[in-house]
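From just these sequences and the hints, can you work out the full model?
Protein chains: 2
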Amino acid sequence: MSLKYGILGFLSEWPGASGYDLKKEFDTFMNPFWHTHLSQIYPELNHLEEEGYVHSEIIEQTAKPDKKIYTITEKGKTFLRNWLSSSPESPKIKEAFLMRTFFLDNVTANEAIFQLQLYKKRREDRLKAMKKTLKERLTQIKNENAALTPRILMIVSVYKKGLDEEKRFIRWCEDTIKLVQHYKDLWKKEENQEEILISHDSLEDAPKWFQEIIDEIED
Amino acid sequence: MSLKYGILGFLSEWPGASGYDLKKEFDTFMNPFWHTHLSQIYPELNHLEEEGYVHSEIIEQTAKPDKKIYTITEKGKTFLRNWLSSSPESPKIKEAFLMRTFFLDNVTANEAIFQLQLYKKRREDRLKAMKKTLKERLTQIKNENAALTPRILMIVSVYKKGLDEEKRFIRWCEDTIKLVQHYKDLWKKEENQEEILISHDSLEDAPKWFQEIIDEIED
DNA sequence: GGTGCCATGTAAGGGGTTACATGATTTT
DNA sequence: AAAATCATGTAACCCCTTACATGGCACC
Chain A
1 MSLKYGILGF LSEWPGASGY DLKKEFDTFM NPFWHTHLSQ IYPELNHLEE EGYVHSEIIE
61 QTAKPDKKIY TITEKGKTFL RNWLSSSPES PKIKEAFLMR TFFLDNVTAN EAIFQLQLYK
121 KRREDRLKAM KKTLKERLTQ IKNENAALTP RILMIVSVYK KGLDEEKRFI RWCEDTIKLV
181 QHYKDLWKKE ENQEEILISH DSLEDAPKWF QEIIDEIED
Chain B
1 MSLKYGILGF LSEWPGASGY DLKKEFDTFM NPFWHTHLSQ IYPELNHLEE EGYVHSEIIE
61 QTAKPDKKIY TITEKGKTFL RNWLSSSPES PKIKEAFLMR TFFLDNVTAN EAIFQLQLYK
121 KRREDRLKAM KKTLKERLTQ IKNENAALTP RILMIVSVYK KGLDEEKRFI RWCEDTIKLV
181 QHYKDLWKKE ENQEEILISH DSLEDAPKWF QEIIDEIED
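Chains as they are written, first to last, in UniProt numbering: chain A, 1 to 219; chain B, 1 to 219.
Wrong hints could be hidden among the right ones.
[Claimed, not checked] Listed next, the in silico SDA-like pairs over lysine to any residue satisfying Cα-Cα at most 20 angstroms (straight line):
id, chain 1, residue 1, chain 2, residue 2
1, A, LYS160, B, GLN40
2, A, LYS160, A, ILE141
3, B, LYS92, A, THR28
4, B, LYS135, A, GLN211
If you are wondering where the hints come from, they were derived from the structure by calculation, not from laboratory data.
Okay, here's the thing in structure tokens:
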């Protein structure tokens, strides 16, 4: 479970954040690579306090509900660093779009294309939001202190990966749409349909990337 | 929840698979984009049968435990197609490597580099396994029937994405290692250290991709 | 007058992981 | 002799999501 480390990570750079503040960070800044809910954050903060990794303080506010702000302790910092230095497990991937695509031969070619366009749209939305968040945050950081820090390096590096991934996903959708369009007739199960063989010569007019993968199995 | 659709998807192309068979498919063929456990598959199959989406048959075996094989029903096929045609939700990403990297400013530069090398190694292992699985599966498909089908298009497309993602991840690790190496001194908190400003001119010798992102915030 | 923001939580239920249980055969 | 494969499950636990609960203030 990584949520607790995410919370400790944020508190390591922002002492005095509330659960509500953290949720906003998860929804914006950390959105490209992690997500969670308030109903998970509040119990987790209580748990972290029980363990002595954070300590809290209640801030009374007028015209707003009171809030509980958290600060990371030395014990918490050590706990976070130990996690960051521990052996990482191999990623456990669950990519719903890819699983769907994997079985898109079960619907018509037109429906498959329509779905791929929807996947593309979702990713475009993500890319746009990511660009906006990064620009806002970097501008803010620069205005506060224009010196380069390890923190900034890590932020830019991770966002570089996130932005790149969305761009790649969009391009993959486009490529796959083209592929389905090109081989649309394969979805029609007609009797007197000519078969296309899986061979270098038969796939001359297929997209290049498709040819390359097929070529790999021919020795 | 997508597991049930994954199971139905496999059964749509492989009638007569057991829970144990399905697990092997999840561990190999579907590994690049989904994973699960036997203790989740067995109850799910029972549940799918209760709903009438699959039906089972017990096969008695000698020298091996008896097995229960499943076939998808018409109702199950419709259920799968409806899911494939439904509006996809925006992806809920949880990328542990990226979350770790995001907070790697909390450990030393050397430790950060060491971690990034581990992430890279994990991804190289995945890439290798993926290549092997794809080659084996395509060769097998080709030997059974060398005609191109929508199923093959979808398999190749999804694997193209998976392979690409691993390659990209490996390159991103390399790029980030170089970045940390280049700015190693920033991790040392010395008093008389010269500050590097976040500006186009100060980052002349930074990696190009890093410059490009920083340039975006300068108007 | 309704929606949204601020702020903290509980409760219920579903999803997912690890451990436990069994036991014969095959491979190392 | 030990480990892996085949094969199906249950149980306990943790993680995660959705819904419920409360209530004042600001904005449209």
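Checked hints:
no. : hint                   : result
1   : A:LYS160 with B:GLN40  : violated, 36 angstroms
2   : A:LYS160 with A:ILE141 : holds, 17 angstroms
3   : B:LYS92 with A:THR28   : holds, 13 angstroms
4   : B:LYS135 with A:GLN211 : holds, 14 angstroms
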